[in-house]
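Peer 1: Residue numbers in the sequence shown follow this note's numbering, run continuously in steps of one, and reach 266 at the last position.
Keep in mind that the hints were calculated from the coordinates and are not lab data. Check the hints yourself; a few may be wrong.
Stated by the list, open to error - PhoX-like mimics (lysine-lysine), calculated; alpha carbons at most 20 Å apart, straight line: (1) 207 to 107; (2) 107 to 147; (3) 147 to 124; (4) 124 to 107; (5) 142 to 128; (6) 147 to 170; (7) 45 to 124.
Since the model is a prediction, treat every value here as computed from it, not as a measurement.
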Amino acid sequence: MAKLTLLALTIATLLALASAHKTIITTTIEDDDTFDTANPSSKKQFCMQHLQSQQLRQCQNYLQQPDQTPFEHQQQTLQQCCQQLQNVDQQCHCKAIKQVFSEVHKQVQQQQQGPFGSMQIQKLKQKAENLQNQCNLQTRKQCRIKTMMQCQQQLQGREFNRCQRYVEKQTGSGYLRSVVSNPEDREQCCQELRNVEVECQCEAMKEVMRQGMQKEGMQEMGMIRRVVEDLKNQFVKDTHIRDGHPVRPEPDEKPGPASPTKARS
């Protein structure tokens with residue numbers, strides 16, 4: 002009888018532990034969903050402004066290091082990168098990693114072509130995603146970076162109505178062209194592009210141009226290309242983004258020599 006009682010107590014204890022473990026896991030997942038869906042536009046705007054003041058050059062250096070780099074040097078650069086990421090607000094860690102990846106990704110695309118280039122980008126993507134664990138970042142969700150193909154699939158069929166309205170006015174003539182100077186139209190288009198994930202903003206601009214050509218006709222291709230190029234330049238000016246990728250000034254970038262001034266007599 003005593004053995005049966007002990008066995009019953011053991012089973013009850015195990016069931017209680019299993020139930021508690023399940024409750025903990027469920028709560029974590031629910032908290033994660035709440036964190037990601039609460040005021041997403043407000044969070045995106047906060048991170049965009051927050052990252053403009055952060056320095057992530059060492060993380061770019063780490064991602065750009067070739068495999069032949071000595072292990073000690075790799076670890077040193079990784080440590081410096083982690084220190085920079087630790088200075089970023091917790092809710093912006095993933096966006097910071099994506100931002101670094103986007104900048105380096107563009108440089109790799111310019112240097113590499115063909116299958117080798119694709120392999121290089123895939124390795125770069127994996128290296129960037131590993132930063133979350135290597136730097137022990139306290140994020141509630143695994144940071145996944147979309148590839149160019151994934152961005153294209155995500156943006157396929159997505160209408161950029163504000164940008165198309167802006168492009169239509171820019172490629173018009175007469176009165177229609179004269180109302181383009183309204184800065185609100187351009188700002189609304191830029192805001193529409195900012196709502197796209199940072200690693201997909203380059204593809205978003207390409208999609209705007211593609212939709213413009215589809216609507217206005219291939220004969221307007223040159224005009225539309227110039228409009229989108231001007232839009233990109235304004236996007237750079239307004240949001241500190243170069244070619245669709247956020248950048249910020251680094252502290253080690255010294256200003257140019259000052260203009261000589263005459264001494265007062």
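Peer 1: Look at each hint and say if it fits the structure.
Peer 2: These are the hints, each one checked on the structure:
1. Restraint check for residue 207 and residue 107: the C-alpha separation of about 14 Å stays at or below 20 Å, so the hint holds.
2. For a cut-off of 20 Å, the pair hint linking residue 107 to residue 147 stands: about 14 Å separates their Cα positions.
3. Restraint check for residue 147 and residue 124: satisfied, since their Cα atoms lie roughly 13 Å apart, inside the 20 Å limit.
4. Taken as a hint, the residue 124 and residue 107 pair is honoured in the structure, with Cα atoms around 14 Å apart against an allowance of 20 Å.
5. The hinted pair formed by residue 142 and residue 128 meets the criterion: a straight-line CA distance of about 17 Å does not exceed 20 Å.
6. A distance of roughly 32 Å separates the Cα atoms of residue 147 and residue 170; the hinted pair therefore is violated under the 20 Å criterion.
7. As the CA atoms of residue 45 and residue 124 are separated by approximately 27 Å, the hinted pair breaks the 20 Å bound.
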